[in-house]
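Chemist: Given chain A's structure and the hints, the job is docking chain B onto it.
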Amino acid sequence: MKTKRMIGNAISYLVLIIISIVWLFPFFGLVLQSFRSYDPAVEYGGMVDYLIPKTFSLDNYRFILSGETNFLIWYKNTIIIAVFVSILQTVIILCVSYALSRMRFAGRTFLMRFWLILGMFPGFLTMICLYFLLKQFGLTQAGAVPGLILVSVASSGMGYYVCKGYFDTIPKALDEAAMIDGASRARVFLTMIIPMSKPIIIYTALVAFMAPWCDYVFASYVAFGHDSSFNVAVAMTRWVWTNDYQGYFTRFCAGGILVAIPVTILFMCLQKYYVEGVTGGAVKG
Amino acid sequence: MGKNKNRKTAGFPVTNVFATVGSTFVTGDWKTKVSYLILGFGQLLRGQIVKGLAYMLMEAGFIWYLVTFGLKYVSKITTLGTVETQKISRKTVYGDNSFLILLFGLLTLFIILFFVVIWYMNILENRREEELIKAGKNLPSNKKVVLSLLDSNFDKTLLALPVLGVFVFTVLPIAFMVCVAFTNYDKNHQAPTNLFTWVGFENFKNLVTFGSSGFGVTFFKVLAWTLVWALFATFIDYFLGMAVAILINKKGIKFKKLWRTILVITIAVPQFVSLLYVMKMFANDGLINGYLIKWGWINSPIPFWTNPMLARVTIIVVNIWIGIPYLMLIATGLLMNIPEDLYESARIDGANGWQMFKSITLPYMLFVTGPFLLTQFTGNLNNFNVIYLLTQGKPQSMSLVENAGSTDLLITWLYKMTVNNTNYRMAAVIGIMVFIVTAVTSLVVYNMLPSVKDEEGFQ
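Chains as they are written, first to last, in our numbering: chain A, 1 to 285; chain B, 286 to 744.
No lab work stands behind these hints: they were computed from the structure.
Warning: the hint list may mix true and false statements.
What the hints assert, rightly or not - Derived BS3-like pairs (lysine-lysine); straight-line CA-CA distance at most 27 angstroms:
hint, chain 1, residue 1, chain 2, residue 2
1, B, Lys535, A, Lys2
2, A, Lys2, B, Lys316
3, B, Lys316, B, Lys429
4, A, Lys76, A, Lys135
5, B, Lys429, A, Lys272
Only chain A is shown next, with the shape it has when bound in the complex:
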C-alpha cells in the first residue's frame, strides 16, 4: 500500500514538473532572448534557432529606455489609462451593484435583463460608431488616451455581476438596523457596505487595471497613426508584425519584460483577492 502511494506521488511530481516546464518555458525564453543584442555586429536580433544568447547584452533595454523610440511615452500612456480606468470603473461598479443588490425600484429587473442582452452583442460591432462619437469630442488620435478611458469607463456599469453577487451575501439585516437608527441609504453605502467590501473592491480594481495593458483592438483603432498616443500593446504588437520584425524581435522581448514585471508583481501580491473574486463569480454565474 505504501509503495503504491509512493509510486503515485512520484508520478504526480513528475507530471507537475513537466507542467511547470511547459508553463514557464515561454517566459524563460522571453527573458533570455531579451538579453540578445540586435546589433548586427554583435548578434542577430531576429528569429534564431537557439535559446541562450551567445553574448549577453543590454542593448535592447538601452534602446528602449534611451528615448530612441517613444517607449516611455507608451508606457506612461498605459499607466495613466490603467490607473484611471481602475479607479473610475470600480466606483461605477460599486454604485451599480449597491443599487441593484439593495434597492427595489421600478424597472430594476428590466434594467438587468436589458443589460444582459446588450452584453451579448459583440463589442467590436460598435467600433466605428464609438470612433465617430469620440472624434466629436476630439478624443481620437492626439486625444486617444482620455478617449480610451472614457470608453472603458462609460459602459462599465454592465459588469456588475461579481460585485453584486458579493453584496448579496452581506446580510440585509445590517442595512435595516442602521436605517432604523436613522442612517440614510447613502450613509449605509459609504460607511458600512464599502468598508466591508475590501476584497471585492480590490478584485474589481485589479481586473480593471489589468485590462488596458492588453487593449490592442480599440486602442489601435482610436490612436491610429498617432505614435505618441499608443499604449504598449499597440506599439509592441506593431513591432512584432512590422515587416522588419527580424530586427525588432529581441526588442519586443525586452519591452515585454518591462511591461510584464510590474503587472505580474502586482497581480501576485493581490492574487488572494483575485482568486476570491473569480471563484465567487464562477459559482454565482
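Modeler: Then chain B, alone, in the frame of chain A:
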C-alpha cells in the same frame, strides 16, 4: 407609500397606461390639466418647486433640442438623405450625410421616447399629489425631496451616470449598427462623400447566398469553426484544469503553493506579451522548429500557422496553456468545499480514485459551475485576443470571401471587415449573427442548468 404605488402603475400593461392618462385628465383639477402641456406646472403651484422646475427645465431642453438639432435629422431618417455631395467648379459642396442622419436621427427617437416617459411620470406625479391633498396630508417639503436622492431615491443617484454612459456608448452604437445591417453602407457608400440608404433584408439574403459573390459558404465555414473552437476551448480547458487542480490538491503533494504560482503567472503576464511570444515560438523560423530541425527530428519546419488544420489544432493547444491556470484556480477553491466525509464513506465502500471522481467530484463541479461554463462558452465564441494575436485568422484561403481565413472566428472576421475592408453593412449583419448565436445558446443552456435558482434565494 408613494413608491409602492408608483411601482404598481409602472408594471401595468400599455392599455392601462392610456387609461391612467385619460382618467387623470378627466378627474384632475385644472393644475393637473395644464401639466399635460406644461410639465411641472401643477407641482410648482402646489409648492413642489424643485420637482416642478426640474420638469419644466426638461421640457424646455427637449423642445430646444428638437428645434435646433433633432428635427432636421429625424425628418430624413426614412431616406437617410437625398442631396448628393457635388463638386461645383472644383469646390466640394457637401450634401446630406447619411451617417449623421442615421446616428442623430436614432438619438432623437430615443430622446423623444425618453421624454414621453418623463411626461407620463409627470402625470402620475400630479395625480398622486392631488390624492394626497384630498386625503388631507401634507406634501413633502422641497428639502425632503432633494434629500430623498440620498435615501429612498438613492438608486436614481447611483444609477444616473452609469445608465447614461451605457446608453451613449453601448445602446446608441448598437442600435446604430443594427440599423446599418439594413442599409448599403460600405466602401462605395462612404459618408460624407456618398449617400447610403435602406436596402431591407438584402444583406441578410447575401449572407446566405451560396455562389461566387455570396457570403454563404464563408459564413457557414466560419460559423462552424467558431462553434467547434468554443466547444473545444471550453471543455478541454475545463477538464484539464480540474485534473491539474486535483493533482495539486492530492494528499502528500508538497509545495502546493509553488505549483499554483507557476501556473498563475500565465494569468498575470499581459496576454499580448505571452501570446505574441508563443506565436513566434511556433513560427516556421521559431524556436520549436529550430530545435526540432537541429536535433534532426524533422527536415523541414512544421507549418504550425500556415497549414489550416494544424493552425486550428495549435490554437486550441495554446489556448489550453492560457486556460488551465484560470480553471485550476476556480476548481481548487471549489474542490475544498466538497465535504471530506463523502470521500471517506466512498473509500470505506471500496471505491477507487476514478470512481470517486466520477460519482462525487464531477457531478458536484458540474452542478456548481454550470453557469460559469456557459459564460466561458459564450466568452470563447468571442475570444478575439487569442485568435488575433496568434494567427490574425490566417492562413487565408482563396475560397473564402472578405479576407476570411481558416482560423477566423465570426468576431475576428467582423473586425477585419470593419477595419480593413470597410464593409460595414456585412460587418453589422455578422454582428447580429454573433448576437443570435450567443443569445440562443445562452437561453437554451441556461434553462437546462440544474443550478439555476431564484435570484432572491441568495439573499
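Chemist: All the hints need checking, so say for each whether the structure fits it.
Modeler: Going through the hints against the structure:
1. Lys535(B) to Lys2(A): 15 angstroms, holds
2. Lys2(A) to Lys316(B): Violated, at roughly 91 angstroms.
3. Lys316(B) to Lys429(B): 23 angstroms, holds
4. Lys76(A) to Lys135(A): 23 angstroms, holds
5. Lys429(B) to Lys272(A): 44 angstroms, violated
Going through the hint list in order, the structure does not satisfy hints 2 and 5.
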